[in-house]
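First to last, the protein sequences are chains E and D. The first sequence lines up with residues 1 to 935 when you count with the numbering used here. The second sequence lines up with residues 936 to 1067 when you count with the numbering used here.
Since the hints were derived computationally from the structure, they do not count as laboratory data. Worth double-checking, as some hints may not be accurate.
Straight-line Cα separation of at most 27 Å, BS3-like style, residue types lysine-lysine; simulated pairs [stated by the list, open to error]: (1) 1019/D x 937/D; (2) 655/E x 1019/D; (3) 973/D x 796/E; (4) 937/D x 973/D; (5) 302/E x 937/D; (6) 981/D x 633/E; (7) 986/D x 414/E; (8) 937/D x 633/E; (9) 976/D x 463/E; (10) 1051/D x 521/E.
Given next are the chains, with one letter for each unit.
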Amino acid sequence: MNNSPIAYIGEHAWAGQLGHALTLISLVAAALSTIAYFLGAERMDAAWTRLGRLGFRAHSVAVLGIVSLLFIMLFNHWFEFDYVWKHSNLQMPMKYIASCFWEGQEGSFLLWTFWHVVLGNILISRAKNWEPHVMAVFALVQVFLAFMLIGLYVGDWKLGSSPFLLIRELPENLGLPWTQMPSYLSVIGEFKDGRGLNPLLQNYWMVIHPPTLFLGFAATLVPFAYAIAGLWRNERSAWMAPALPWTFFGVMVLGTGILMGGAWAYEALSFGGFWAWDPVENASLVPWITLVGAGHLMLVNKRKETSLFSALTLTLITFILVLYSTFLTRSGVLGDTSVHSFTGDGMLPALVRFLLIFIGISASLLHPDKRQRWTYVLLSIVLLIIGLAFAIEVEAILLFGLLTFIHLIQSYRKGFNTNDPEEALWSREFWLFIGALVLLLSAVQITFSTSIPVTNILLTPFKGFFTSMGQSLGWEGLSKLGNEGLSTPSEAIAHYNRWQVPFAIIVSLLVAVTQYLRWKKDEFSRFVKQISIAFVLSVIIAAVGITLLGYSLRELQLGFMFFTTAFAAIANIDYIRSALKGRLKNAGPSIAHTGFALVLLGALVSTSRKVEVSQNTRSMDLRFLNEGFSNNKDILLYRGDTVRMDEFYVHYKSKRPDGVNLHYDMDYFAVEPRSYAKGDTVRIGGTLFHARVSHTAGPQFLEQQPEFWEALESYSKRDLWHAREWSATRPGKQLFALSPIIQLNEKFGNVPEPSTRHWLTRDLYTHIRYAEMAMDPDTLPNGTITPDDAWMPKRKYEKQVGDTIVTPTSFVVIDSVYIMRDSATKAMLGDRFTVHAAALRIRDLYTPDRWFEARPLVIYADGQPVMGKAAEVAPLRVLYGLATVDGEKLGIEVAESEFVVMQALMFPWINILWIGCVLLALGSGMAVWQRVRGK
Amino acid sequence: MKRSHIIALVLIAVAMAAFIATLADSSTFVDLAEAKAKPGKEFKVKGYLDKSAPVEYEPIIDANLTTFTLVDDNGETCRVRLAKAKPYDFERSESIVLTGHVNATGEFVAHDMLMKCPSKYNEMQQMGQVEG
C-alpha cells in the first residue's frame, strides 16, 4: 500500500478543502456565538454580547464564503465535485445556475442557512436589548444547520452532507481502482460533463420559488427566537411587540412561497391542478397556518393580557413544524407516499434529534419554575440516553412525548391559568381566539394525515397488541394500527377536502365578521348595523353565483363555503370604506383578508367546477363493448385530425421538436353550424339522404329531416361507404393554438408539460397523457414510403388466405393472394423479381356497413422479400402492409396513423385565486410596513 | 360551566373525530396474497413491474386502461388493470404502489398508481467496474 498522497491532475481539490474549512469555521463560530450570547443574556454582560456578535459576524462571513465558493464551483463546471456533477452540466443556460445551487439537499440547506444569516444580521442591528437572547437562539439554530452541511459520519449515522465532496471521496467510491489514478479526470469520460439540472426544473419558477419559500421558513425563526427570549427573561408578553411585524412578514413571504409552488405546479407541471395535498405541499402549508394563528393571538395580547399561553405555544410550534416539515421531506420517511420528497441518505437520525432538542427547549421554558424546567430537561436527556443505549428509541421518543405533554399541562396550570373573568362573547379578542383555535385544528388534521408514515413507526411497539385486539374485537381500525400498517388515505384529495372545507367555512366567516367587532366588549346591535350592508350584498352575490355555478343541495357545504368566502371578501372591502373611511394606509389587514378569502373562493370554484372537457368526446359509448371499458376520460387525436371537444374543434396539426422539447401543436376552432347545399348527400347509419334545399343544420337530424332531407331509394354500396356522415356542426374560424410539450430526457425520463389558454373567467389546461416515443423506421410496415413518424408502430399478424384479422379500429378479411404477372410489371422489374399482392377487404370496426379495399404489395427476389408497397385506407387512418408471402401464409402488418392522447381541463374563475394571491401578499406587506413605520 | 370548558370539549371532540376518520379513510399496505384473499376490499400494494410480461395499452380502444403484471416483494404476481393512461417511462420504473382491489376474476383493479423512478443513477459505480 502506497501511503504517499496521489497527485491528481486537474483537480480543484483546494476548493473542496476550503469549503470544508469554511463549513467548520461557520460551525465553530456559530457555537462560540451561541455560548457568548448565552452568557451575555444570562449575566446581562455587554462584553459577552459583543463577543457573541463577533462570533455571528464570523459565522456570517463563513456562510457567505461557502455560498460564493459553491457558485464558483458551479460556474466553472468543476465536475470532480459530486454536487456540481449531479446538479449542473455544460449545456445548461447560465441563468439557471441559481437553480442548480438549490436543487439538491445540501444547497437548499445552505439557502436556508443563508437567509438566517441575513435575518440574524438585521436583528443584531435592530433587536436592541433583546439581542443576546434572540441571537443566542439564532446562533444555536445555525449550529445545527452547520452540522447538516458538515458531512460527518458518527458511527452509523450520517451528520449532514457536504456539497464539497469530490466524487472519488464518496463512500461508495472509496477504494475503487480508478480513484487511485492520478489522471482519472482526463481519462474517464464521465467527468467531462455533469448529469445536469433536471430540464423540468429549468424554468423561472425554480429560480424564484425556493428562495421565497426558504425566506418564509427562515422568517418563522424570528418570532420563535423572540418567544424563547421572552420566556427566558420572564417577560412573557413584552417579546410580542418586536416579534409582531416579523410574524406577518413571515405570513407574507411563506404564503407567497407556497402559492408560488401552486402556480408552478399549475403552469409547468402536469399534476392537473395547483394543489394536490401532497405531503411536501402540506409540510409547508401547516407552519403557515399556525403562524397566521400565532400572529393574530399576538394582536389579541397587545390589547389584553389573555391568550398568552396559546400565543406562545402557536409561535413555538410554528418553528417546530418547520423543523418537522424538514424532517418529513428530507429524512426519506415519507418514502412511498410522496412524489417529490428527497431520498433519505441516512439523514433521519440527525434530523430527529434536531427536532427533539428544539421541542425540549421550547417545552421546558414554558414552565415558570426554574427547577421544574431542569427536571424536565434532565428526564428528557435520561430518556434519550436510555433510548440510544438500549436501541429502544421509538419507545424513548414516545415516553418523551408523554413527558412533554405532562410538562405542558403543568406549565399551563402553574403559569398561565388565571382566574380573570372570561372575555365578552361579542368582543374581537374572543373570536380571534376561536379563529386561532380553528386554524390550529386545521393544522392538526393536515399534520395528522400527512404523518401517517411516522405514526406507523411510532406505533411499532404496540403492533402486536393492536393486531390481537383487532382480531378479537373484529374491529378493522385496530387491525390497521397493528400489523397491517397504516397507509395514506386512498382518496387523499377527498379526505383532506372533507375536513378542510368545514374549517375554511368557519375561518372565512370569522375573517368576515371579526374586524367589525370592537375590542373588550361590543354592542351586538351596533355590530349588526355596521356589517349588514356587506352581509346583504354577499347574500345576493352568493345567490347569483350558486345559481350560475349550479351548486345543488347535495353540495350544501360547497354552496355555503361560496357564501362565507364571498362574505369575507366583501366584508373586508366594505370595512375599508365604512370603518377606515378609505384610508388605504391602514387597509393592509383588510386587503390581506380579502386576498385570503379570494384564494379560498377561487380554489373552491375552480376545483369543484373543474370540467374534464376531453371526456366522452367519441361518438360511441365504449361501455357497450365490455363492462371493463370506461368511457375515455382523455381525447385521442390523430395527426391531421379535427375532432369536436366541448365547445371547440381541436386539430392536431404537427409535432415539432425544439431542443429537448417535443411540441404538439394543437389548433382550436370555433364550432359553427354546418350548411348544406341542395343536392348534398349524407349518410345516417345505413341510409343515404339527399338535401332537398340548401339549409343550415340544426342540432338534431330528425327534427329537420322531413323538411330538408329525402332518403334515397337506391344507391350502390360504394356510394354508401364513401358518403359523408351527417353532422350538425363544423370547425369555424381558428380561435387559438396550444402546444403541450413532452420533454425528452434520457437521464431523467420523459415528462409532459401542460399548455394553458387563459381567459378572464376561465382557463383551458391541456397536457399530453400518452404519445408514442419509439419511432424508428423498423417499426413501420413493409413498404411504408415515408419513413418518418407519421405512423404508430406496426402490429404483425401471421394469417392464411380466408382468415380475418381484428385490429383496434378495423376488421380485415384476407380474400386472396396473387402474383402480378402483367407485362408492364414484368418489363419494369425483369425476371428476377416476383410481385405478390394481397386482396384485403376492410371494414370499419365500429360501423358495420362501411367497407374498404386495400392491395398491399411485396416484391420477392431469390426467395427473399426486398421491397413492398403498403396500402393506406385514408378514412380509417390505417396503413396495411404485406411483409411476407409463403404459399397461402401471409405476414400482414397494420399501423395506425400517429396519434396522441390528451387531457383537457377547464378551470373556471381560477383568476379569482391568483388575484387573491396578489392581494394576500400585498395586504400583508402593507400591514408589515405600517407596523414597522408606526413604531 | 365556563365557556372555555365548552370550547375545550368541542376541540377534543373534533380532534377525536379527525383521528377516527383518518383511521377509517386510511388504507393499508398489504402483499398480493392478502389482497387476493380479500377480493373487493381496497388496499395499497407495493411491488414492481414484471418486465417479462406484456404491458398492454391500446389507447384507440381505451385511453384509460393499462394492463400489466405486478410482482410484489414476496415474488407473488398478479395481472393489473390500471384505469389510467400508460405513464411515461413506465418500463423504467423501480417500484410502484397501486391503490385498488382484487376483482372476481383475480385481477387487481387499480384506480391510482404512484411510481418511483430511479432518482440516483449509479454511473460512477458502473464506471469503476469498467475501469477495474
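Right, here's what the structure says about each hint:
Under the criterion of a C-alpha separation no larger than 27 Å, the hint pairing residue 1019/D with residue 937/D is inconsistent with the structure, at around 55 Å. With a CA separation close to 24 Å, the supplied pair residue 655/E and residue 1019/D stays within the 27 Å bound. Proximity of residue 973/D to residue 796/E is assessed by CA-CA distance (about 39 Å); at most 27 Å being required, the pair is judged violated. As the CA atoms of residue 937/D and residue 973/D are separated by approximately 50 Å, the hinted pair breaks the 27 Å bound.
Using a Cα cut-off of 27 Å, the hinted pair residue 302/E and residue 937/D holds, with the two alpha carbons roughly 24 Å apart. A threshold of 27 Å between alpha carbons decides the hint, and for residue 981/D with residue 633/E the separation of about 26 Å falls inside it, so the pair holds. At most 27 Å may separate the alpha-carbon atoms for a hinted pair to count; residue 986/D and residue 414/E exceed this at roughly 65 Å. Annotation: proposed proximity of residue 937/D to residue 633/E is violated, straight-line Cα distance about 55 Å (limit 27 Å).
Proximity of residue 976/D to residue 463/E is assessed by CA-CA distance (about 22 Å); at most 27 Å being required, the pair is judged to hold. This hinted pair does not check out: residue 1051/D and residue 521/E have alpha carbons roughly 57 Å apart, beyond 27 Å.
Going down the numbered hints, you'll see the structure goes against 1, 3, 4, 7, 8 and 10, while the others check out.
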